[in-house]
Amino acid sequence: MLKATVTELAAALAARKISAVELTRLFLDRIRQLDRKLNAFITVSEERALADARVADERRARGEAGPLTGIPVAHKDIYCTRGLRTTCGSRMLAAYESPYDARVIERFAAAGAVLLGKTNMDEFAMGSSSETSHFGPVRNPWDATRVPGGSSGGSAAAVAARMAPAATGTDTGGSVRQPAAMTGISGLKPTYGVVSRFGMVAFASSLDQGGALAKSAADLALLLNAMAGHDARDSTSLERPAEDYTRALAAPLGADAGRPLAGLRIGLPKEYFAEGVEPGVLARVREAVGWFESQGARALEIELPNARHSIPVYYVIAPAEASSNLARFDGVRYGHRAREYADLGDMYRRTRAEGFGAEVKRRILIGTYVLSHGYYDAYYLQAQKLRRLIARDFAEAFQRCDLVAGPTAPGTAFPLGTRTADPVQMYLSDIFTIAAPLAGLPALSVPCGFDALGLPVGLQLVGNYFSEARLLGAAHRYQEATDWHLRVPRETPL
Amino acid sequence: MSLSLEQVRRIAALARIAIGPDEERALLAELNRVLGLIDQLQAADTRGMEPMSHPLDAALGLSQRLREDRVTEPDRREAYQALAPAVERALYLVPKVIE
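Protein sequence lines, in the order shown, are assigned to chains A and B. Note that numbering that gives the first Met the number 0 gives residue 417 to position 418 of the first sequence, counting from 1, and the numbers run on in steps of one. Note that numbering that gives the first Met the number 0 gives residue 41 to position 42 of the second sequence, counting from 1, and the numbers run on in steps of one.
Honestly, the hints are just simulated from the structure, not real lab data. For every residue, glycine included, the Cβ atom is placed at its ideal position computed from N, Cα and C. Mixed in with the good hints there might be a few duds.
[To be verified] Derived CB-CB ranges, DEER-like: (1) 23(B) to 423(A): 15 to 21 Å; (2) 3(B) to 24(A): 38 to 44 Å; (3) 372(A) to 23(B): 19 to 25 Å; (4) 417(A) to 79(B): 52 to 58 Å; (5) 93(B) to 250(A): 58 to 64 Å; (6) 2(A) to 83(B): 43 to 49 Å; (7) 143(A) to 32(B): 39 to 45 Å; (8) 493(A) to 76(B): 28 to 34 Å; (9) 242(A) to 81(B): 38 to 44 Å; (10) 144(A) to 96(B): 49 to 55 Å; (11) 417(A) to 83(B): 47 to 53 Å.
[Claimed, not checked] Away from chain B, derived, C-beta distances all over 10 Å, residues of chain A: (12) 7; (13) 13; (14) 25; (15) 46; (16) 143; (17) 270; (18) 289; (19) 298; (20) 336; (21) 481.
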């Protein structure tokens, strides 16, 4: 059961082969056994999980179960949960207990899912390795001396180690896809505006989007069905007719039912198959593209000439928005307050100095600088203009192709502590994931093999706006023919 | 462009973050590394480009929605103020500002 996908667990629950309570106990035991080593969870909500599971079993007995009823799900500790603390990986919120649930939490509750716990993450989602958490670093189940990627590294490690069948994450510059790639699982960032951000602690509001992590693309489709939908409490939430994101899993993407991928046009940005990508990563990604071609898809080289600006653009826009969003942490209304201070100004300064970690402070300071008088045009406005050029590159690419493929990250999981000293080295691990959120496009990562060290490699697929179903359909076909996504990490055998 | 120690102190003051004398130099070096990265933007040609503040503007030509100006939420003041470090008679307490 621990090995099973959400799709398989849903079938087992529906067939009464196992109850939600039994299933939840299996995962809680697994967490107890492994999490001391991996540190994927900040809070494990045993009582809440078992209570949710009992409710799910009763619901099934009444004949009211849906596909996620009784499925245990771990949530990134950025989603506010009533009755459980929500820390965002920060000392600032170490004791914070939200008086309301995030929309995403409400949606999973309405679907009858079981809340297993809250997962560890980079502080305020600022990081690419899950090392900046106030609660200590997360470790990669494939090699515990390495990072799981970030910022949703706890969610990724939990799913990879089979401590949870599925988890939520958030993606601002790659925080769902990059950890999914580094832990050998699947991760989806939907189109900006598809998942409500109500109750999701804000980092960079023009980029942040809720996403999901699971073993398979088919599972991600089920999760997105629960998460997506309009919410009046998020001004960026889109009013669109409800979609069934599983609809392309079984249906052909083109006209030929016998060859479902025939005619699919896959764009390969020459900038993403360039120097600086580890050879083991490039080889696996090329093999995956080769498989799509063998199924009748057509690969063509495309250009994203402004992609090279992605990292500098992101590291202006995201810190600028973060410096504004994180101004709310003032020690007055909630969160940490310094114990000693001379006056109001000193209370603010000490509260923020104590409450925020080094990376969060760096980003707030960079953001404050690029928005300050005399620098705004040169940095922030210039970055926003380049952002439009980056989005336009994709718009042009999607005239010629249906989806864009490439490596999710330039390298596989790196050893703990090796990039923390140099922020720029850390930022470069997001080089291929940043462009999609800048443009607002949906993108996913699926496992496509291993490098020479036996570490998982991720294939990234980026689609046009609202093409989640097609992306998931293409990824699902690949996963029907491969089993990379089902491999169990060597440090956490079953 | 690279920052001076004086500028770092000024930015920290604007951001309301206390930085100790022992942290200043390391922070200066780190911030200058990041600025070195983002300074690459200056060389890019963006003449005639409209700034893009929001993905939905590029994707769908949407602007952000405004809601009707009416009360939709119940009063949950007590639940919200229960989280505050210091509250008295339904007021948030801060150190004295005016003598």
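Structure-based check of each hint:
1. 23(B) to 423(A): 15 to 21 Å: 20 Å, holds
2. 3(B) to 24(A): 38 to 44 Å: 59 Å, violated
3. 372(A) to 23(B): 19 to 25 Å: Holds - the Cβ-Cβ distance for residue 372(A) and residue 23(B), about 22 Å, lies within 19 to 25 Å.
4. 417(A) to 79(B): 52 to 58 Å: 42 Å, violated
5. 93(B) to 250(A): 58 to 64 Å: For residue 93(B) and residue 250(A) the Cβ distance comes to about 59 Å; the hint holds.
6. 2(A) to 83(B): 43 to 49 Å: 46 Å, holds
7. 143(A) to 32(B): 39 to 45 Å: 29 Å, violated
8. 493(A) to 76(B): 28 to 34 Å: 50 Å, violated
9. 242(A) to 81(B): 38 to 44 Å: 39 Å, holds
10. 144(A) to 96(B): 49 to 55 Å: Cβ of residue 144(A) to Cβ of residue 96(B): about 51 Å, so the range 49 to 55 Å holds.
11. 417(A) to 83(B): 47 to 53 Å: Given range 47 to 53 Å: violated, Cβ gap about 41 Å.
12. 7: Residue 7(A) clear of chain B: closest Cβ-Cβ about 35 Å, beyond 10 Å.
13. 13: Consistent with the label, residue 13(A) stays out of reach of chain B, its closest Cβ about 38 Å off (over 10 Å).
14. 25: Consistent with the label, residue 25(A) stays out of reach of chain B, its closest Cβ about 35 Å off (over 10 Å).
15. 46: 21 Å, holds
16. 143: 28 Å, holds
17. 270: For residue 270(A), whose nearest Cβ neighbour in chain B is about 15 Å away, the distance exceeds 10 Å, so it holds.
18. 289: Holds, because the least Cβ-Cβ distance between residue 289(A) and chain B comes to about 31 Å, which exceeds 10 Å.
19. 298: Holds: least Cβ distance 25 Å, greater than 10 Å.
20. 336: 4 Å, violated
21. 481: Residue 481(A) is indeed farther than 10 Å from all Cβ atoms of chain B, at 32 Å.
Hint compliance for this structure: hints 2, 4, 7, 8, 11, 20 are broken, all remaining hints hold.
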